[in-house]
Amino acid sequence: MSKPIQAINRYKADLRDFQFLLFEQFKVGELLGKGVFEAWDAEQVNVSLAECYRWTREVAGPLNAPADAEGCKLVDGRVITPKGFKEAWKSLYEAGWKSIGIAPEHGGAGSPVSVQILVEEMLSGANTAFNMYSGLAFGASEVIASFGTTDQQHLYCARMFGGEWGGTMCLTEPHAGSDVGSAKTTARLNADGTYSIKGTKIYISGGDHDLASNVIHLVLARVDGAPAGTKGLTLFIVPRVRTSGDGTLGADNDVTVAALEHKMGINGSATCVLNFGDNDACIGVPVGGDSELNKGMPQMFKMMNGARIAVGVQGIGVASSAYLNALEYARDRKQGASITHWKDATAPRVSIIEHADVRRMLLDMKSRVEGIRALVVKLTSHIDRLTFAKDDAEAAYHQGQVDLLVPLVKAYGTDQAFRVCETAIQTYGGAGYTRDYPVEQYCRDCKIFSIYEGTNHIQAMDLVGRKLGQAGGANLQAFLGDIAKFVAAHKDHAKLGASVRALGGAQEALGGSALKLLMWFQTGNMAAVPLYATRFLEMMSEIAVAWMLLDAAIIADTKLQTVEPGHPDKAFYEGKLFSAMYYARSVLPAAELKARQMNDEDKSPLEISDAAFATV
Amino acid sequence: MKILVSLKRVADPDNANKIKVTPQKIETTGLEFKPNPFDEYAVETALRLTENAANTKQRLGEVTVVTFGPKEAESTLRAALATGADKAIRVDATDDALDGDLVARALAKLIETEKPDLVLLGKQEVEGDANQVAQLLAEYLGWPQATFAGSIKSEGDTALLVGREIDGGTMNLRVTLPAVVSVDLRIVAPRSVQSVHTKADHAYPEGVRFAALMAIMAAKKKSLTEVKLTDLTGDVGLKIKYTGFEPPPARKAGVKVKSVSELVEKLKTEAKVL
Ligand SMILES: Cc1cc2nc3c(=O)[nH]c(=O)nc-3n(C[C@H](O)[C@H](O)[C@H](O)COP(=O)(O)OP(=O)(O)OC[C@H]3O[C@@H](n4cnc5c(N)ncnc54)[C@H](O)[C@@H]3O)c2cc1C
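Residue numbers (my numbering), protein chains in the order written: chain A, 167 to 782; chain B, 106 to 379.
Derived from the structure by calculation, the hints contain no laboratory data.
Hints may contain errors.
[Stated by the list, open to error] For lysine-lysine, the following PhoX-like pairs were computed, each having C-alpha atoms within a straight-line distance of at most 25 Å:
#1 B:Lys-304 to A:Lys-725
#2 B:Lys-304 to A:Lys-252
#3 A:Lys-350 to A:Lys-364
Construct all of the structure, not just a fragment, from the sequences and the given hints.
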């Protein structure tokens, strides 16, 4: 008989780190009680984080493994979600965690984005698959809140933000993945001003489910006669069940689930093939009305920052729990003797945390998780400071840093999340590969993050093709300038000076590599750009993360002077110093290596013939 | 119905930092605190008695939470306000200047002005496990008491039918209000509390409710007042004298016995339990 999958919570979060980022490193606390955050104080932030953590551990967390084993089912054309999801959905919206960052006019609590993003870290980390449904509903509702007509906002937003109706984003088609512009789904104007939608979308997350009474699809489609490519795409509101203006549900809207995908992970999340208008009875209206025809892509672009940050945070949520679980196991599991007794067969067995290589893996995971989380909160703190900017220049600075950092958070955050999960399995040994522990599921769930919401290479192209040159390069200049200021201020720091100087060296290399990219663009050496884009993104991310960790370590070092000896903060701050020193000395050197590779301009992957890859 | 609930914070048993004990006192530096679990059950009970489960946003009674503690203990009160309690009172005091008797006397005085119909308490706090305050308080007030409640049915809000957990079963006791009731773990089972407002067949989720985000936000606007201990009683003397503190002795390593007969022998001669 195989072992039962247990419905117990395995999710762990590091709330002390959350508080450090909010109140000590990025000082979001300064903004509370002021302006748009008038209603908030530090205690409410802390109580909210603690209560949300309790919710994730008691409701969403225990469903994670059973839902993975059970998966979704398609019964009579409707998706049945795993056991417990319905109750959890109700509980989630009663507790209100999905509305923490939503503006009060849409029924939310209007918290800083930095607080919302940490709440999202917990929701995603505890049960990625479950959080997909509410995440997509949230994203779709945000689109309508930003671009919808007043009537559309009135009809949809509160219901979708509040969990009464679900939502999806329908972009991908069989022949249109990364290349969204080749979408073939059509929209034909009807006499009453609505549109008839016809086409097939694939891989649609939460494309149908039994958690809410309706699902509102946002569908990219081409109106008859519109231009080819992305310029001719319009975003349509297509409910599963037609609704009247007051929200009463009416007839079926001819949206059918053709199939569910079998996949590597997030098995509790239904990934659907959706057919629109099989019976020519699928009706949609453009988001924002007819004035917004052919503006689907610009609308999506505006929302993309939020969605991409959210995917980066999915990564960090899972990776953080993988690390904390591996740490717990390493403290507990006894195997082998200390290396100092290597000749003595009778020496006492020690916890594996005492073995050097296990410690290396643990500190490697710790530094990546903490460093990327810090980068996320740096990004969101720029968003939170936007409304407090005293002039246009300051606002432009904050917005510029947001735009620049989004591809880093999405791509580096998710690539590293997968590696952290893999390292967590390695830390466990055989147990980590079994379903007795959560890390193998984390590793499977986590892989999708580097693929959807724009593959990580698409992120790298966004960085080098759009973001570096944005505002005439001013955003990158400001980023490099901030690091230079930090290096100048701390290069002689007693404990961290050497690492800070190493950051200075890497920052210069980054400036050089950016110039190299510019030169490739200018001299028509276009083929080199995508070949090195992914590596450039990784290099820039490593530098950003090293900076964040060193910044945290310098704060921690100051705090260490005054912390009482028995206080748990002593260990916390010491940990910050070691995260920074390890990352600066063991990971950051890879950044300069990439600069050297770019100077070398190896083009083997382009020069090798297709046939030479393999002759099978 | 007006209900007063006493609520105490206790050192979190999951504290990463081990508690340090000196002969003079127990060091609390750096400890994490959480509400005493039995007190949380009392708050949950009070909320269930003062709402219709079909619409918990509308309060149908008043729940006042009271704690004895330093300023930092206010976060425990705020958390209770966030789950739905209506107002809070902090009696300014530190643990080492309190014992069960003093708490009961001060509470009795506070109750004179607050005039609740019912006082709910956890059956004991998990640090000292003394299990005294409810009994002493009922005595000082001259009110009926029912301890270790595993179920409560409100009878028109003038009397309660209380199922007391006793060895080997349940004792059903009818108490007329005002009364003092202390609660046990089973009180937070789905159907343990029956109010006059909620449909009789309603099942609550097991345990203590979550604080909803909007209630956390609203809690800031609820009243939280501070009272001096000396305003409640002139006599702040303690009946319990602390003579010294020591950690529990470390457990001795066990011995492995080879046979059942050896075990029986040891139980007779060493453990002297047979
Ligand atoms: C579980 C899951 C959930 C999903 N949920 C949704 C959803 O809710 N809504 C939705 O619309 N879609 C969803 N998707 C689809 C997802 O966004 C796409 O899979 C993704 O955009 C990649 O497209 P593709 O799979 O067609 O891969 P392709 O675009 O075929 O890419 C294959 C490879 O080629 C690379 N590549 C492609 N184009 C280029 C280029 N121009 N230059 C360089 N390299 C390139 C890619 O980086 C990738 O490595 C989901 C997918 C999965 C697996």
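Comparing the hints with the structure gives:
Between the alpha carbons of B:Lys-304 and A:Lys-725 the distance comes to roughly 55 Å, so the proposed pair goes past 25 Å and is violated. Of the supplied pair hints, the one linking B:Lys-304 and A:Lys-252 holds, its CA atoms being roughly 23 Å apart against a limit of 25 Å. Only pairs whose Cα atoms come within 25 Å are accepted, and A:Lys-350 paired with A:Lys-364 is accepted, the gap being roughly 9 Å.
Figure legend: structure checked against the earlier numbered hints; the only hint not met is number 1.
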